[in-house]
Amino acid sequence: MPTVYADIPILSAILLICLGGLFLILATPRKEAARIKKISAVSSGLTLAAAVYLFFAYDRGVGGLQFAEKISWIPSLGISYFNAVDGFSLPMLLLTGIVFFTGILTMWELTERVKEFFALVFLLVLGVYGLFMSLDLFFIFVWYDVSLFPMYLLIAVWGSTRKEYGAMKLTLYLLAGSALILPALLYLVVASGLDTFDLLQLMDPGTFTPAQQRFAFVLFYIGFGILAGVWPFHTWSPVGHVAAPTAVSMIHAGVLMKIGAFGVLRVGIFLCPEGWKYWAELMGLLATVGIVYGVLAGLRQTDLKYVIGYSSVSHMGIVGLGLATVTVDGLNGAVYQMFAHGIMTALFFSSVGYIYDKTHTKAIAELGGLSKTMPKASAYFIIAALTGVGVPCLASFWGELVVFISSFRVYPLYGTLAVGALAVGALFILRVVQKTCYGPENAKWAHLPDVSFGLAIPRMILVSVIVLFGLFPSLLFDMIRTASIPFMAGLP
Amino acid sequence: MTTTATLSDPNVATTLAACAAPLLAFAAIFLGARRFARLSAGLSIGAVTVSLAGAVFLLAANWHAEAPQVFSASWLVSDAVRIPVGVLLDPISLLMMTVVAVICFLVQIYSLGYMAGDPGFSRYYGFMSLFAWAMLSLTLSSSLFQLYVFWELVGLSSYLLIGFWYEKFSASQAGKKAFVMTRAGDVAFMLGLFVLLVGAGTLDVTAVNGPAAARMNPSLITLSALLIFGGIVGKSAQFPLLTWLPDAMEGPTPVSALLHSATMVAAGVFLFARLFPFFRQSPAAMGVFLVIGTVSMLLSSTMAMVSRDIKQVWAYSTISQLGFMIMGLAAGSFFAGVFHLTTHAGFKALLFLCSGVVIHALDTNDMFEIARKKGRRLKLAMICMTLAAAALAGIPPLSGFFSKESILAALAALDNPIWLAAALLGVLLTAYYAFRLIFIILFPRPELVQPESGRGHGSGHGAGTAMGSALVVLAAATLALGFAAAPLARFLSGDPAAAHPGPHLPWLPYAGIGLAAGGLLLAWFEFGRPAADQKGFVERVPALAALFANRWYIDVFYARLISRLVDRGLAWLCAKTDQRVIDAGLDAASKHIIRSSGVLSALQSGMIQHRLLVLFAVVVMLGLYFIA
Amino acid sequence: MIVPYSHVLALAGIVFLMGMVCTVTRRNLIMILLGLEIMLNAGALALVGASLRWMSMDGQAMALFIIVVAAAEVSVGLALIVCVYRRTGSVDPNFTETAAPEKPSV
Amino acid sequence: MTIYSAIFYLLAALIIATTALAITRRNLVHAVVYLVISFFGSALLFFLLGAPFLAALEVIIYAGAIMVLFLFIVMMLRIEESKRRIFPLSQWIPAAVLCVIYLGMLAVILSGIEGDMRLETAVAVPAAFSMWIFRHGWLAVEIASLILLVALIGALHIGRRPAAADKKEAQ
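Going line by line, the protein sequences match chains A, B, C and D. Going by our numbering, the first sequence opens with residue 17, and the numbers climb by one from there. Going by our numbering, the second sequence opens with residue -1, and the numbers climb by one from there. Going by our numbering, the third sequence opens with residue 317, and the numbers climb by one from there. Going by our numbering, the fourth sequence opens with residue 13, and the numbers climb by one from there.
Simulated from the structure, these hints should not be mistaken for laboratory data. Don't take each hint at face value.
Unchecked claim - Once the Cα atoms are required to be at most 25 Å apart in a straight line, the calculated BS3-like pairs of lysine-lysine come out as:
hint : chain 1 : residue 1 : chain 2 : residue 2
1    : A       : Lys460    : A       : Lys392
2    : A       : Lys179    : B       : Lys574
3    : A       : Lys374    : A       : Lys451
4    : B       : Lys372    : B       : Lys574
5    : B       : Lys589    : A       : Lys460
6    : A       : Lys388    : A       : Lys374
7    : A       : Lys392    : B       : Lys533
8    : A       : Lys451    : B       : Lys533
9    : B       : Lys166    : A       : Lys388
10   : B       : Lys166    : A       : Lys374
11   : B       : Lys574    : A       : Lys451
12   : B       : Lys589    : A       : Lys179
The structure displayed is predicted, hence computed values, not measured ones.
Generate the whole structure from the sequences, applying the supplied hints.
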């Protein structure tokens, strides 16, 4: 894999913009909430612009790692500040940019502790960006924890519905995950005997024995998998999503869960391909159980956000199934599904968030007839729901399709079960749509305003991204291929 | 065998324009024109006119074409998974495209009158455009993946249109039911595609129908054929997934006419015809198809015999006619199935549109209610409906007669006479239930008729010009289409003789006519003649009537299945597992950790004596250590 | 000829043990301090014995310093006890649990 | 058995008995008084072991100053008699276990000490002891005096009723 170094450190620029935004927000007086929001929007918009630029400036013909920057930091331990992007991480950067920007815009009407909220969100996203672009194990771990810690405060302070419980549960789970990751990282770094945290050096074939890889992979898989909502470590996800405020749900389900899957890919699979192959079948089983289980458990839920939480479990199961196939197609489909699911859940949570903000209820039974009172809000919700159902020409269809095909080739039984879950998934999501949006006009909500133009902007962005990548999936697949094909070809 | 075309080819360019126009209209309506009802309608109708013109042009240009034309580009390339997007122009796709474009066009014109004043007028036309795009693209798909994509989109637009009046619980329920039931079929379809992909390595329609499938293992062929047929069962509402279609009548009547009788549900039959050479390689699968077609045909005929809802009768008859088509195809006659598909599209759309006029004017679906409100005074609608019902029943010289004859002929060619017998029974029942409806409406019992007429809807203007013109065009097609059998047969299979497959049985047409007439007379005896008490022979056996009216309890079965097995069974299990096992397990684990850490924390109780005690213990231990 | 040195050590050890038991078991800060004194005294006893045993002044010097430290410790410790008693009204070593300092009235 | 050893065992018995009495008294005054006796015993023992200067210090500082300080504090605080078990179960059971182990250990260690060297009588006369300590440990002596000074100041500071702080707390 070639590594192309950058003339202008755009990747660092993204991090610096986040950091700068954070400091600007901290420096702004608490009372000037409007200015804080503007600063947030502009900074997040800049990172989005940078991510879009990177996405299109990446040379797909050359492939490999590009826009690399490397500064040795602690030479004696082999720790360096090493950022670069490839076909796997670019879609994630783009996703982060989109969800970050739209998430900030979604919270435009926030009034409670504005300054702290946006500051924490910036800190969180800083970690997320850092993790996606870093290629140094030490930094990966640091960024991982940077992105986790603001989560607790964001949920516990601004959340709803058993927020302390949700925040605590989430934090404990994720910390348990990171408690598995750190020993595995250190174990590998020590076992390599190379005295380096550099991912590229460590992933040379032959660095680790198969037994070492098998052992470390389990730790990575569970550690990162907790964040990715792998069954049976998923129960934090619905509870946490329910408790979190809208933007945090968006960023959380949209981006943070992807950190988990991306960590499994970038750290687990990159470093321990033998372990990956060894455990693949089990991964496939867990993922399939997650897919089926998510939709079935979702059927019984009475809270809108719980429903989405469980559908996330199911959709992230598809990512896991793709990773478990050990094929290029599986990887492609999984990464695409990560992207699509991120956008889709962001839309889901932003529309549910709007409904909740206005009606102050998430109980499905109390809603109904929203299409009459707020046609736009429910239209966004329905579009998200249809994306979740897997309607073609909306983004997530392609990821599912490719994953299903590749898994059907490798594990026919799992593939069949996963496809079968589609029908139940349709039942469960459409039932929710019917109960919330359809039906006679509900007098209780008749006075509520529909989505204003300003609040519609982020949702429109999300919808157009969904449709764009639904109609032209090759935009993303061509990108992912540049990473997945050489990677699989390089495996022994 | 096929010729590969480029983008600049006039055929391909026309096709793409014809397909893309409705999509653009859909986008334009939802992006900007939603507030302007007339503009939306104009955009949509303009787009469908473009499609219609394109379809007619293509049909004319390729009427004598030798080989199918293929244009293919790449939609998505992963690694081993490659999904092409393309256009396949061959007789079946051209014919279907024309049928779809014509019906779409007529229904959209008709809707101008029918939907006038509805608050969701623009939305309606937007969804109509979406449907037109998806359906046209479906017919022209060159690969099965692409076909699947548009298949799903057609399902989506059907969902949206059935639930168009979403305030009505029954409408949203029906939309959901339709989507989920067809989705269940689609799961099988998708799996079938996967099996086919694994077996044959490609999903290109021409390849699957040709050499690629021949290399496959025969059992794999049967498996994939059966699974793909699952999709057909769902979309074409065959047994056992048939109950969504009658419920789908909750949608606006033009939607029922367009989607749930003429085009969308026919997509299943179209897929069958599309993969006909492939399916044919598996006789076992064809046998299963024949059984399912026959069962669906008979079941739905019985259901139609007791229904009081005018649209539901036509819905049941749609299922039954689709069953006929599948019987014809499964019997091995490509032409019979496709021809019946074409003629059925015409007369069924006509039936629904006429019903729409009646419903629009009298504001009721109940046939006795219509009769009471003097529905027969809507002269144009009643004439057209009678004509179409006669076509449905297979009365010569209407189109239905010819197409049904060719299906009967195809069935007669089979070894087992039971299929022919079943089909003949179906002919009898069809004529009976069609004319039961007609006679009930035309000859109301005098004691029931309201003295005052309607609600100001006079007989003359039941159908406006927009609605009326669509009726007239379709009625003309119903009259004329039957005589196009021979040229169509030549066009479709290159052989005019295909119009009469199987051995020539001179008595067969007479048997068909005789049975149709028998059904008609039975209906007359029970419902038409002045002294009749308008009570069918089925209704005299209450158990049977209840069985039919409850759709053979298929719905009850599904409702129980979903509520018992899925809702209260599996879903309950999963949700409880989440709460009671996983969560509770973790909670218990953490509780125990907290409790056991309490032992350690006793040392840290902050009481100095405990610390001293520990210190003491440590001193003692150190002493022991040094001794040892 | 007095006694074997081990007997001095045994005496010191037993006294030390008693001091320790007093410290650990009595729920009274003053008794705890007393226990400490006993233990220190035991240490001094052992050192004086050792001084004789090896005929060296070092042991006695150490004992002297122990007495000094004991004096200092007792003065500070008793002052602390007084302080604690003023704040909590008790000399129970468990005062952190049983009698927390009265909270400012809300 | 010489007279010295007889005196030693006598004193040892006295020390152990009075200490045991001291630590088991519920009444603090009694405890302190018993302990004073114990310390007198220790002082005598010091004398026996040839440390007359330390014996004097023991009497003056331990038995005198420290114990009197205790007595003052005990009387000053007016501590009410605790009705609770004098040795709470949760504390004395582990303590007892540890004691048994400790005693066993002590026996093992003492029996294992090589030689049974008996102590010969000798006396470190105060003058010689003082010379020795100021010659060899003058720094330690200075530090000890500093410690005493610090303790004095510390005790004063801690024991002082913080008037200002009290007011603040009262508010």
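Outcome of the hint check:
1. Taking the CA atoms of Lys460 of chain A and Lys392 of chain A, the gap is about 18 Å. The hint holds against a cut of 25 Å.
2. Under the criterion of a C-alpha separation no larger than 25 Å, the hint pairing Lys179 of chain A with Lys574 of chain B is consistent with the structure, at around 22 Å.
3. For the hint pairing Lys374 of chain A with Lys451 of chain A, the CA-to-CA distance comes to about 17 Å; that is within 25 Å, so the pair holds.
4. Straight-line distance between C-alpha atoms of Lys372 of chain B and Lys574 of chain B comes to about 58 Å, which puts the hinted pair past the 25 Å bound.
5. A threshold of 25 Å between alpha carbons decides the hint, and for Lys589 of chain B with Lys460 of chain A the separation of about 43 Å lies outside it, so the pair is violated.
6. A threshold of 25 Å between alpha carbons decides the hint, and for Lys388 of chain A with Lys374 of chain A the separation of about 15 Å falls inside it, so the pair holds.
7. The suggested pairing of Lys392 of chain A with Lys533 of chain B is violated, with an alpha-carbon distance near 50 Å, which exceeds 25 Å.
8. The straight-line distance between the Cα atoms of Lys451 of chain A and Lys533 of chain B is roughly 40 Å, outside the 25 Å bound, and the hint therefore fails.
9. Between Lys166 of chain B and Lys388 of chain A, the direct Cα distance comes to roughly 12 Å. Compliance with the 25 Å bound is thereby established for this hinted pair.
10. Between the alpha carbons of Lys166 of chain B and Lys374 of chain A the distance comes to roughly 24 Å, so the proposed pair stays at or under 25 Å and holds.
11. The straight-line distance between the Cα atoms of Lys574 of chain B and Lys451 of chain A is roughly 23 Å, inside the 25 Å bound, and the hint therefore holds.
12. Distance restraint check for Lys589 of chain B and Lys179 of chain A: the Cα-Cα separation of roughly 20 Å lies within the 25 Å cut-off, and the hinted pair is therefore satisfied.
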